[in-house]
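Enquirer: As they're listed, the protein sequences go chains A, B and C.
For the first sequence, the positions run 1 to 920 when the UniProt record's numbering is used.
For the second sequence, the positions run 1 to 80 when the UniProt record's numbering is used.
For the third sequence, the positions run 1 to 186 when the UniProt record's numbering is used.
Worth flagging that the hints you see were computed from the coordinates, not collected in a lab.
Misleading hints may appear alongside valid ones.
To be verified - Derived coverage of chain A by chain B (criterion: at least 3 residues anywhere in the stretch with Cβ under 8 Å from a Cβ of chain B; other residues may be distant): (1) 179-190; (2) 669-679; (3) 801-815.
Claimed, not checked - With a straight-line Cα cutoff of 20 Å, these simulated EDC-like cross-link-like pairs (lysine to aspartate or glutamate) come out: (4) C:K75 <-> C:D122; (5) A:K212 <-> C:D122; (6) A:K212 <-> B:E77; (7) C:K75 <-> A:D722; (8) A:K807 <-> B:D30; (9) B:K50 <-> A:E672; (10) A:K807 <-> A:E672; (11) C:K149 <-> C:E42.
Ideal Cβ placement from N, Cα and C applies to all residues, glycine included.
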Amino acid sequence: MTLRFTFDGRDYQGRNGDTLASALLRNGVHVVSSGIRTGRPRGILTAGVEEPNAIVQIEEPFPEPMLTATTVELFDGLVARGLRGQGRLADRPDPARYDAIHAHCDVLVVGAGPAGLAAAASAAATDARVILVDDQPQPGGSLLGAGELLDWVAETVAGLRAAPEVRVLTRTTAFGYYDDNHVIAVERRTQHLGAAAPAGAIRERIWRIRAKRVVLATGAHERSIAFADNDRPGVMLAGAARTYAVRYGVLPGRRAVVLTTNDSAYAAALDLHTAGVEIAAIADLRSSISASTSPDAAGSEWARRCTERGIEVLPGWAVSAVTGEHRVSAVALRALTDSSSTREIEADLLLVSGGWNPVGALFSQAGGRLTYDPALAAFRPDGGCRQAVSVAGALAGTYTTSGCLSAGVEAGGGAGLITLPVVEEPEAAPPIAVWTLPGAGADAFVDLQRDVSVADLDRATGTGMRSAEHVKRYTTAGTAHDQGKTAGTLTSGVVAELLGVEIGALGTTTFRPPYTPVSFAALAGRDRGMRFDPVRVTALHGRHVARGALFEDVGQWKRPWYYPLDGEDQHAAVLRECRAARENVAMMDASTLGKIDVRGADAGVFLDRLYTNMISTLKPGAIRYGVMCRPDGMVLDDGTVIRLAEDRFLVTTTTGNAALILDWMEEWLQTEWPSLRVRCTSVTEQWATVALVGPGSRDVLAGLAPALDVTRAGFPFMTWRDTTVAGLPARVCRISFSGELAYEINVSWWDAVTLWDELSARGVTPYGTETMHVLRAEKGYPIIGQDTDGTVTPHDLGLGWAVSKKKADFLGLRSFARTDNMRTDRKQLVGLLPVGGELLPEGSHLLDAPELPEPPIRALGHVTSSYHSAALGRTFALALIRNGRALHGQTLWATLDDRLVPVTVAGSVLYDPEGARRDG
Amino acid sequence: MMLIPCPWCGPRDESEFHYGGQAGVAYPADPGALSDEQWAHYLFFRDNPKGPFRERWSHSAGCRRWFTLTRDTVTNEVTA
Amino acid sequence: MAERSPLADVDLSDTGDRVTLAEVPFLTQLDVRTSPSSSFPEPGTFRTDELDGEATFIWLGPDEWLVVGPPGAQKRLTERLESGRLESVSDTSVVDVSAQRTTLELRGPGALELLALGCSLDLHPRVFGPGRCAQTTLAHTPVILLQRKHCVTTGEPVFWVLVRASFASHLASWLLDASGDLTAGH
Ligand SMILES: [Zn+2]
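Okay, chain A solo, but in the shape it has when bound (with noise of 0.2 Å):
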């Protein structure tokens, strides 16, 4: 099937299974981008993901920065573009979704070339539960690029998808590999179908794969040489040029030089020349290699089976120049040890093996350790790793395909119950290391995508760096998106050649997740918009909707911050609510204010523990308000404890604090005094809310509760009664987070709507937060969290009422008589009324002067809270001021905008303060 697809605004035509790059070499592209810093013409230096150069902006169907053209699969209708650096985001949100999914495993093979493919198929025959991930299109790996062992490939694919304990997933890579063999993964599943793909359809999902143990199979990647022009179009790894004759049928170039440490370049040369890639010369920098073709002579069995075919082989011969800017035209060489013999070689392709890089990155992830190891010329996994992993294959410097299948086969677990193939295989030679060719230097490069060449190690060097994370800082080497796949051993070993140190000693740097780019999307799945953290409703929410209400996050809870009638901006709504619950009668839904159940013979003296009151002699029936400190004396959160029988309590904590108050009772009673009998019951939910305020709620309430005696002595301040409200069994607590005459009724979560459509078919007034905030500042009842900040004790808060002196011990006592604590500035909260009547605020600094002084600036201290107050006529706020009790009706500046404005220091309690209001 024929593909279209345009790239750099040109029409082209590619074949089902190709990639962008396959497809771009098919038509004889081979400038795809251009370098960072020096703009030099770049084509394709690989065929994988490992690829420096060839990075490109999909434009169409939707814009996608930063992608390599190896690893995009073609489709039809795709747009592309060659990038030089950074693309481009889309302008329009994403229409696409995207997911994250938790698994668990026996055994978790990541990689399925021969190793991997024949550890899971080993591991499945245990009867293990295996997950099989690889980031092809089809499982395979190296073999794919081969052409090797195909049917055993279908064959051992059919048989893992069949089994019903295992689970193969293409397209998919392990990109991080965390604690306790937790290896996260990303599935591409739809980004290949291009526009086709279903509306709707996940495009990718995040595996969250939990392994019992971990067979790393994930192979090595090729790597270049540093020699000048290295970089030019047409210069290209020899097994990545093997692939896409094999594996995509293109034919990279026509007449080809090669340069090769190591005989993976030969087999490279023998598939090339079989696809009808003439192949010049093969230039091997191993003096050693024979190529003699006599029976009886030593020598590289691979390089014979060259010169069989009538390709040249070079021994101790090397690339001397490249010539040609937008793709090789030809090739120069010279023999090592003898500068006069030279070769000048017309080609359009020089195909490089530099050696091969083991791809430990997860492994070291893992926290394993790669050593160098010289008789690969590469590092590799040795180790030094506490989590259950183990590696196979290329990764573990095995590179014959019979070995790979023999070390997947015992790394499965499955040994002796799986039939392996039998593959013939040359004796291999062994590799060297090379890491440069004489004179590489400024166009010599080893890191492509950042375009830094042997040069600018050498200036790295020469300013004394000494270490490969210095030199990989300095210079930007291997920190480009493919993360220095293909630079960055070769940078080790430039510098190590640099320094005239061992490669092993130097190091390579160190590997972190991503491997390869994962893009924010798939990570945030569907944690976004409102799914983004769990949203918490009380039973009121659907009325609360319904009269219109705006809502504010409490934590996770919405509430109804104000309920605007029409054309009523917030300023207008709010103040008609506060006049309703100061002249009238008005309601909120108090909910979310978390309730413990405290109950248990000790239960008394626990809560005396906890709280900085005396709660024990609290009598049946009543309600004290309570504040908690940790230890070291800061408030903690505050609320009201109201016993309900003589071993039985009901605390509420604020509707931030619940869980953590939850979480507090149980660290003191598990941790430290296991021997107290007390029992604690989060309750928040089993209750519903809602505080009933104004002068007129004790007739409304009356009304509803023929039962209750709501008279002043009948139901005084502080206590609570159980009765019937509305006709449902109900709590009401006569409690006020506002100074007025107000009742907090508790009904189940299931009753609410009953309770409050009574409430409401009575003319009720609903208010939010922010009338909730004004009425209770202009009491000068702080908020937890919003007047203080941890570093706040009841003391500083006008609080210490609330501190009992009878108890020998509580949490924060002690503290209390440090020095620090003992402080006459420490910051104290008041009251302050803005001269001009400005809102001020919050977090507005405060300062003793007209003008700002010179820095540094000492602020007195900040505003906590700031609102427009109905009942005062005016603004008001709430500070935390350095000593502000002593600084009553004095003047401060308060910063607002660019300016300062004068403020007079008042007490707390703004409104009633003498508290007549609170029995109606």
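The hints should help you fit chains B and C with the ligand onto chain A, whose structure is shown.
Expert: Chains B and C with the ligand alone, transformed into the frame defined by chain A:
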């Protein structure tokens, strides 16, 4: 994401737990008898070793039990 | 003056053909804190008890169980718990938490996958079979998860998810959204 072995529920994701800091820092029997310096030691001073560390965890999203384990602060390996 | 369950207004039918979702509202739920006793289920398990043949005891912690029964049984079950089963009543609390959580029943061939989209626990039948329970998080929401049984006709697991009332609509919305993303096989 570490796996933390809850003694009651078995290994669970780290995100189900709250960290409780160094283990074995008991609330003093008589805080009033301590000097400011001794009290400050209880409040603010904790070990910060490189290597094995006895520490407290609470399975807050599960059974809500507090327990103590030894974790290597370099490798995150839980050894006891 | 009808009682309203937390998901009374939520349409749970649009879950595709691989899972079904239903609220089981108004169950009696009692939080029992007491010293461990051999007559209570082991950690990580639950069982339906002979107590009236209607109460299910769910392990929540080493000294905490949730006793679940049919709607309206709060008084009866509390009395029976306090009188019969719990030996040391002074160290025991039975708290009515029936409205604290509602219950979602989840079943169908896609149920395991749906839960895996939001829960980090291994719910494979080899690990989390019938009779297993756990307190954990699902869709970042604290839940009590029960593998009730295998459906007698299909052999597929049936899960109960007990969720706090305030989180119920978030969780239901999450489950409805995710149920559209279930794959046909694995
Ligand atoms: Zn636990």
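Enquirer: Could you run down the list of hints and mark each one as holding or not?
Expert: Evaluation of the provided hints:
1. 179-190: With 3 residues closer than 8 Å to chain B, the stretch 179-190 of chain A meets the three-residue bar; holds.
2. 669-679: holds (count 3)
3. 801-815: It holds, with 5 qualifying residues against the three required.
4. C:K75 <-> C:D122: violated, 37 Å
5. A:K212 <-> C:D122: Given pair K212 of chain A, D122 of chain C holds - Cα atoms ~12 Å apart, limit 20 Å.
6. A:K212 <-> B:E77: Given that 20 Å is the threshold and the Cα spacing comes to 15 Å, the pair holds.
7. C:K75 <-> A:D722: holds, 17 Å
8. A:K807 <-> B:D30: Answer holds: K807 of chain A to D30 of chain B is near 13 Å, not above 20 Å.
9. B:K50 <-> A:E672: violated, 27 Å
10. A:K807 <-> A:E672: holds, 18 Å
11. C:K149 <-> C:E42: holds, 17 Å
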